[in-house]
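Residue strings, one per chain:
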Amino acid sequence: MPRYAVTYSAMTSGTGTADNASLTTLQYGAISGSSATMQLKVNEVQCGGEASSAAVQAFALRRDSTVAATSLTSVGMSQILIDGTGTATATPFLISNTSTTKPVPLSNGSLLRQSFNAFGGLVRWQARQGEEITTIGQSANFGELSYSTVNVSGQTSAQVSWHVLLEQV
Amino acid sequence: MKSLRSNEGYFLLDHRNSPGVADELVVKEGLLPGAGRGVFESATFTCSHCQVIVVLNPDRSRERGYCRKCDHLICDACETAKAQSGGECRSFKRLVDVLLNDAAKGGEVSQSSTILLP
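Quick mapping for you: the protein sequence lines, in order, are chains A and B. Just so we're on the same page, the working numbering is the position in the first sequence counted from 1, plus 38. Just so we're on the same page, the working numbering is the position in the second sequence counted from 1, plus 991.
Don't read these hints as lab results, they were simulated from the structure. What you were told as hints is all true, and nothing was included just to trick you.
Once the Cα atoms are required to be at most 20 Å apart in a straight line, the calculated SDA-like pairs of lysine to any residue come out as:
#1 1019/B with 145/A
#2 1019/B with 191/A
#3 79/A with 1086/B
#4 1084/B with 177/A
#5 1084/B with 75/A
#6 79/A with 1089/B
#7 1096/B with 72/A
#8 79/A with 1001/B
#9 79/A with 1085/B
#10 1096/B with 74/A
#11 79/A with 1084/B
#12 1019/B with 190/A
#13 1096/B with 76/A
#14 1084/B with 178/A
#15 1084/B with 207/A
#16 1060/B with 1074/B
#17 993/B with 167/A
#18 1060/B with 1084/B
#19 79/A with 128/A
#20 1096/B with 75/A
#21 79/A with 1088/B
#22 79/A with 997/B
#23 79/A with 45/A
#24 1084/B with 166/A
#25 1084/B with 39/A
#26 1084/B with 167/A
#27 1084/B with 1096/B
#28 993/B with 166/A
#29 1060/B with 1080/B
Distance windows between CB atoms, simulated:
#30 1076/B with 168/A: 21 to 27 Å
#31 126/A with 1008/B: 35 to 41 Å
#32 1034/B with 59/A: 31 to 37 Å
#33 124/A with 1062/B: 30 to 36 Å
#34 1053/B with 189/A: 29 to 35 Å
#35 1097/B with 130/A: 23 to 29 Å
Using N, Cα and C, we set each Cβ at its ideal position, and we do this for glycine too.
Here chain B stands alone, though its shape is the one from the complex (with noise of 0.2 Å):
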């Protein structure tokens, strides 16, 4: 069975040789204090409705979105229009099929989409 875990990715941020970045920049980023200092390394998800990446804090105590329909973490911007929309499932897969399928019908492709930008 498939693990939310298994969808991870990686990120790294290497300052071993390096003065680094102050935490002022690193926090507004969403990033942990200190992670502009020496080796930081963290999972990562991808937004499936915007696709943003997402660097996973491990200290945080909220619950990260979740879209049941689609079985991936979302972000919190993506969380509250899926709550606000009753909880619709605006993934980027979707997307992608819908305009394949209107390139694939001779239609005009059009990029204007109901997917939340991040």
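One chain only, chain A, in its complex shape (with noise of 0.2 Å):
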């Protein structure tokens, strides 16, 4: 099954938001599938810092109980096939930063925690072959992933940028 590289280069991470709270446009990347029999595997969450001056930053990938829907963009973002001589599958899963009913992030819903300071800091997790963390679907509450700031205190509005490697399934 193909895999790809979900990039998202020079974001502005924000103050944060707390789950139950609708994302802020182009400060999130939501990772969803495009089929009720999809499953993204996420086998590594990179985020590395781009700031001028110390800003701490508390991102989490959030599980979402409101899926990103209409007039999917992604500003800056981009899905990459990893393996050059793979081939993407017709139908690829979905990225954005924009909808215009933007995605909630469920309610306890963190599953990675990735807190470290923009200035200089880098964070990044890898899990082990059958132990990613997998969305299954298109809809609420297991089919979409979302990648964004938490409003915890000492979180500043920082540029970064990640990239989060997958596979479709």
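Two chains, two frames, a set of hints: combine them into the complex.
What follows is the structure, encoded as structure tokens:
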């Protein structure tokens, strides 16, 4: 099955969004399936800071209780086939950072927390094969993941770039 | 024979060229004091019931939650839920199977489940 890198360069992280609240345009990246049986297996999440002064970031990969819908666009985001000799699927998964209906992170739906200082810091998580974070389908609560900052004390908006590696099944 | 350690992932927090993050925040997120400075590396596991990523604390003395039925470590919240349900295994892989079976039968795919969210 094809493996992809989802990247978002020079994102402004914002001041963070609580669970159960709509994410802010261009301050998140949403990844979701495009059919009822599609699975996405996330095996790496990395985020690096590009701030010119200290700025604590509290990122989280969360499941969404409302998935992005209508007019999905992905400014600055891309999904790239990792294996140059591989073949992309006819119906790839969806990525977005802007939509009419914005993703809403599920209450207590944080799967991975990544806090770091965007002034020279970076954070990475890698899964062992078979231990990936999985989405199933295309609807809430298990069909979409969003990566964005959480509104904790100390979270400061800054520029970051991140990538997610995943396999589409 | 496969060991539980063979399921471990990897977590890196690199602040070699950064002022880092205060202990207050990293401890709140389940990491060790001092993890927000310099380089912090640790093993992780994926809870097989809710899929939350747990960064392992080498100083922890309490036993980790474990589900014999799916032969995986589980997070503290899922361990509590398992104990309350009399040892029921609510693995995420089982949920995926149920949803795929529903879809294959042409039925409505319901995403409400008995899985415990983290």
